[in-house]
Amino acid sequence: MTTTIETSRRRFLVGSALAAGGFALGFHVPFLAGAEAAAETAAELNAWVVIRPDETVVIRIARVEMGQGTLTGLAQLVAEELDCDWSKVTTEYPTPGQNVARNRVWGNFQTAGSRGIRDSQDYVRKGGAAARMMLVQAAADEWGVAASECTAAGGVITHAASSRSTTYGKVAAAAAKLEPPKDIPLKDPKDWKIAGQPLPRLDTAEKLDGRQVYSIDVKLPGMLNAAVRACPVFGGKLKSFDAASVEGMPGVRKVVAVDDTGVAVIADTWWRAKTALDALPVEWDLGPNAGHSSAEFAKVLREGLEADEAFVGSQAGDVRAAVAGAAKVVEAVYGVPHQHHATMEPMNATALFTGDRCEVWTATQNAEAALATASTAAGLPIPQCEVHRLHLGGGFGRRSTSHDFVRQAVLIAKQTPGTPVKLIWSREEDMLHGRYHPVTMCKLTGALDAQGNVVGLHMRISGQSILVSVNPQGLQNGRDPATFQGLNPSGAEGVFGYTIPNLLIDHAMRNPPVPPGFWRGVNNNQNALYLESFVDEMAHAAGHDALEFRRRMLVNHPKHLAVLDAVAEAGGWGKPAAEGVFRGLAQHMGFGSYVAACAEVSVSREGKLKIHRIVAATDCGHVVNPQQVRAQIEGSFAYGLSAALFGEITVKDGKVEQENFDSYPVMLMEDMPAVESIVMPSGEFWGGVGEPTIFVAAPAVLNAIFAATGKRIRTLPLSKANLRSA
Amino acid sequence: MTRLTVNGTEHDIDVDGDTPLLWVVREQLGLTGTKFGCGIGQCGACTVHVDGAAVRSCALPVSAIEAEQKIVTIEGLSPDLSHPIQKAWLALDVPQCGYCQSGQIMAAAALLRETPKPTDEDINAGMQNICRCGTYNRIRAAIKLAAESPQAQRG
Ligand code: FES
Ligand code: FES
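Residue numbers (the working numbering), protein chains in the order written: chain Z, 628 to 1353; chain X, -16 to 138.
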């Protein structure tokens, strides 16, 4: 390892150690006397728990914090079982390289699918419990008593019989030498004191005075900065660029190709790199996609709505016969456009390549995937590469599967060996090279009997598959199971709650050449919108109350029903609303959780929509931090309603037309409704909370708009709809 | 050389005059609390105070700033999180990812200085900063909480 790497790493760690109150493990930071001393005497009880002699409890967090509160929640779960003093808790991220070197002792780093807590709660709690058992054993050994006679609370171990007590910090070194226990019982959540509480987040103070170091803020000695432009048309290639014309501009060090897909300017500062890049003449080979447009995609999707062949997601009875014999048939076509993630922190990564080693500092939802990307781009085996994580300035799925920004940063840094380079995407680059929420349409056909009962439903989804592009191994004989999120007959990920005797849900896969990605809420978003809007349409056609109509079909799914009942009750369903205010309902299950919403809107004569209030209910089984669950419910409404109100990415001539927040508007303060959240965990299971509420945001509002105006909006965004009264 | 007064300290900076204040603050002065979000004055992540007013620093070339104008960034709002806005933000645990929050806090501090008891409409008008995590309701509540503080009108 070269001196350059050592130096940069140290210098970097000074910043992040001070900011995060911790330091990356395994690294020695000789000039940081205090931290170094602590590192040497800190005792690692296991992969999750390190205890310092000063009683500081360092909890390792494998998943990443991107705003969703997982850092605090996971620490609460470990601390609960550890029985430590919460005020002494600090956190740190292990690196993916360390995970590889230690046989994946920290498991999966991926932070997506609302899985941060629900998929790791069991083993992180066991990490905390095992550490506590070892600490108690060490104290018991020292006193020559049985461990079963000792108790632990708040980081203090007590042997009541002899009135002796000691602290975790004092026995940690001895405890770390003990064999880890094999049988590790966990507490009943009913007995939780740290978990389950609305504790303040661990990462708030740093975010209030500029101290928090994000990936975009990384500073390494001698670091240069790069601005990049990839071919604006998907799949296009770099033909040529005239480096000489900008090489003399202030601060410019180098103009480099990024393989055959893009070009970058490297300069002393990012602003100078960007200024030179803007002036750089570039020629592109636009490739086969240059003629495509969203209008053409829509035609292809519309054809899919009627196609004979489709992948089946769920089937019962004979829906065609039911429709043929129905007293009344309801039919409607809905559509949801491409969306952009628009994380507040644009994509960026800093890379240092030294010939035999490559290190990357970045914001990623999947550091192991980022490491693999870095290794491939560097042409070095994984053990010679490393990725250092920082808190994300938003993820929403954009930073989970595609690490194109890491790849670019490494390819650029390879052209300045020994000198680190920070690559930052402009917002325009970020908009043009997203991994977009897939575009889909849905045709729904409902069959009602003479009493207005739903006897048949066909949902034909037509449109883009995410897995085809990001995870083709996940396909089942060409079928993308993720397309049916929330519409599955069974399973934890999302169960269709309605009992309908004749049911067919199928998918005509149509893949426009626009790279899709997981976008907070993923396919549940449009599936819930299609289904819950259409259920309202059917209720209206049957002349039934939208709540009672749903309740009847939810008899076999009491958890779905319970959240719906909760919002109907708290939202005042069936009772008069304020003058001019109308209500709409929606329910859905996905990512392990049950959610429902009751929205209140008004629409002025001129067609101006105001969303006044949304009552939301979530049953996520167990709640680790109720105040963070509430924050996620609020945030989910903002994200989902932003898409419903304004979000639309369109393609023309093979290129995304929206380049910044002026052409891709997002929700602001004035658009945000009041949110009342009902957190109603029923126990026994672990559901996610970072995404589910998004599912019901748009349909509840669309149903309320129908109640207010009689207009059924079936195509988003709402900003394009005419809500003016006729 | 451009002379700027940032957080009470004068700096002589060798920088191209058309460089936006945002990038001078971040790259030349190393004050990275002020964030880049859009570069076109749309998102507010880059909000700083210039003579007490909230300004989107990505759209302000340094050549347009006089040496005696007082620039305050998030790092200079208070030495110890003691500004009423920071206290309220801490009390209500406002941030999620936090990336927009420097800008939100600077915008809110300027709003309170101008309008010590803001109504909901004042808050809507004064807080045009984007938060993709959706912390808007907590921001609104925190501004109201800060407005109750006796030192709310401090800059
Ligand atoms: S970065 Fe200045 S307003 Fe967005
Ligand atoms: S807290 Fe993440 S963008 Fe506002």
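Among these hints, one or two may not hold up.
Covered stretches of chain Z, as calculated for chain X (at least 3 residues, CB under 8 angstroms) [claimed, not checked]: (1) 726 to 732; (2) 964 to 972.
In silico DSSO-like cross-links for lysine-lysine, where the CA-CA straight-line distance does not exceed 27 angstroms [unchecked claim]: (3) K926/Z - K1279/Z; (4) K797/Z - K814/Z; (5) K1282/Z - K817/Z; (6) K1237/Z - K100/X; (7) K1237/Z - K70/X; (8) K864/Z - K1282/Z; (9) K864/Z - K715/Z; (10) K715/Z - K100/X; (11) K100/X - K53/X.
Because the hints were derived from the structure by calculation, they are not lab data. Heads up, the beta-carbon is just placed ideally off N, CA and C, and yes, glycines get one too.
These are the hints, each one checked on the structure:
For a cut-off of 8 angstroms, the count of residues in the stretch 726 to 732 of chain Z with a CB near a CB of chain X stands at 0, and the three-residue condition is violated. Given a C-beta distance limit of less than 8 angstroms, the hint that chain X covers the stretch 964 to 972 of chain Z holds, as 4 residues qualify and 3 suffice. The straight-line distance between the Cα atoms of K926/Z and K1279/Z is roughly 14 angstroms, inside the 27 angstroms bound, and the hint therefore holds. Between K797/Z and K814/Z the CA atoms are separated by roughly 25 angstroms; this keeps the pair inside 27 angstroms, and the hint holds.
Of the pairs offered as hints, the one joining K1282/Z and K817/Z is violated, with about 54 angstroms between alpha carbons and a cut-off of 27 angstroms exceeded. With a CA separation close to 24 angstroms, the supplied pair K1237/Z and K100/X stays within the 27 angstroms bound. With a C-alpha separation of about 31 angstroms, the suggested pairing of K1237/Z with K70/X is violated against the 27 angstroms cut-off. For a cut-off of 27 angstroms, the pair hint linking K864/Z to K1282/Z stands: about 13 angstroms separates their Cα positions.
Distance restraint check for K864/Z and K715/Z: the Cα-Cα separation of roughly 53 angstroms exceeds the 27 angstroms cut-off, and the hinted pair is therefore not satisfied. For the given pair, K715/Z sits about 38 angstroms from K100/X by alpha-carbon distance, which is inconsistent with the 27 angstroms threshold. Among the hinted pairs, K100/X with K53/X is consistent with the structure: their alpha-carbon atoms are about 25 angstroms apart, no more than 27 angstroms.
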